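All chains should be built: construct the whole structure from the sequences, respecting the hints.
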Amino acid sequence: MEFQKDNSFVTGRLKSVTYAFKGALKLISTEHSIMVQFSIGILISILGAIMKISATEWLFQTFAIGLVMSIEGLNTAVEKIADFIHPSYSKRIGFIKDIAAGSVFFAAITAIIIGLIIYIPKFI
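14 is the number that our numbering gives to position 14 of the sequence shown; each next residue is one higher, with no gaps.
Derived by calculation from the structure, the hints in this document are not laboratory data.
As the structure is a computational prediction, the values presented were derived from the model and not from experiment.
The beta carbon of each residue, even a glycine, is placed where N, CA and C say it ideally should be.
Check the hints yourself; a few may be wrong.
Stated by the list, open to error - Derived pair list, reagent style DSS-like, types lysine-lysine, alpha-carbon separation capped at 27 Å:
id, residue 1, residue 2
1, K15, K26
2, K22, K80
3, K97, K26
4, K80, K97
5, K52, K122
6, K26, K80
Unchecked claim - Across the chosen pairs, the derived CB separations fall in these ranges:
id, residue 1, residue 2, range
7, T30, I112, 24 to 32 Å
8, P121, E79, 34 to 42 Å
9, I96, S8, 35 to 43 Å
10, W58, A20, 20 to 28 Å
And the structure:
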C-alpha cells in the first residue's frame with residue numbers, strides 16, 4: 001500500500017493532530033526519560049496549584065515543562081534515527097547523540113532556573 005497525502009485542509013490537519021497525539025503517547029509510554037520528566041511536570045503543576053502561583057508564573061512554568069519535554073522528544077528522535085542508520089557503535093554517531101543530549105541539558109537547566117525563581121520566594 002502506497003502513502004497518499006490528504007490534500008484536504010481540514011481532514012489533513014485532523015490527521016496531523018492525530019499523529020502528533022499518537023507520538024506524544026508513544027513518548028510518554030515508552031521512553032523512561034520522558035516518563036520521569038512528565039511525572040516531574042505533573043508534580044510541579046500540583047505544587048503550583050498548592051502555592052497559588054501567579055498567571056505569569058504559570059506561563060513560565062508551563063513553557064519550561066513544554067521546552068524540556070519537546071527537546072527530549074527531539075533528542076529521542078535523533079537517537080532512534082541514528083541507531084537505525086548505524087546500529088553498531090560509531091564515534092561519529094556518538095558525537096551526534098551527545099550533542100542532542102546536550103540540548104536537553106540546556107533545556108533542563110533553564111527549567112530548573114525558572115523553577116527556582118518561581119518557588120524560592122514562596123518558601124522564604
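Hints, one by one, checked against the model:
no.	hint	result
1	K15 - K26	16 Å, holds
2	K22 - K80	17 Å, holds
3	K97 - K26	20 Å, holds
4	K80 - K97	10 Å, holds
5	K52 - K122	10 Å, holds
6	K26 - K80	13 Å, holds
7	T30 - I112: 24 to 32 Å	25 Å, holds
8	P121 - E79: 34 to 42 Å	38 Å, holds
9	I96 - S8: 35 to 43 Å	37 Å, holds
10	W58 - A20: 20 to 28 Å	23 Å, holds
Every hint from the earlier list agrees with this structure, and none is contradicted.
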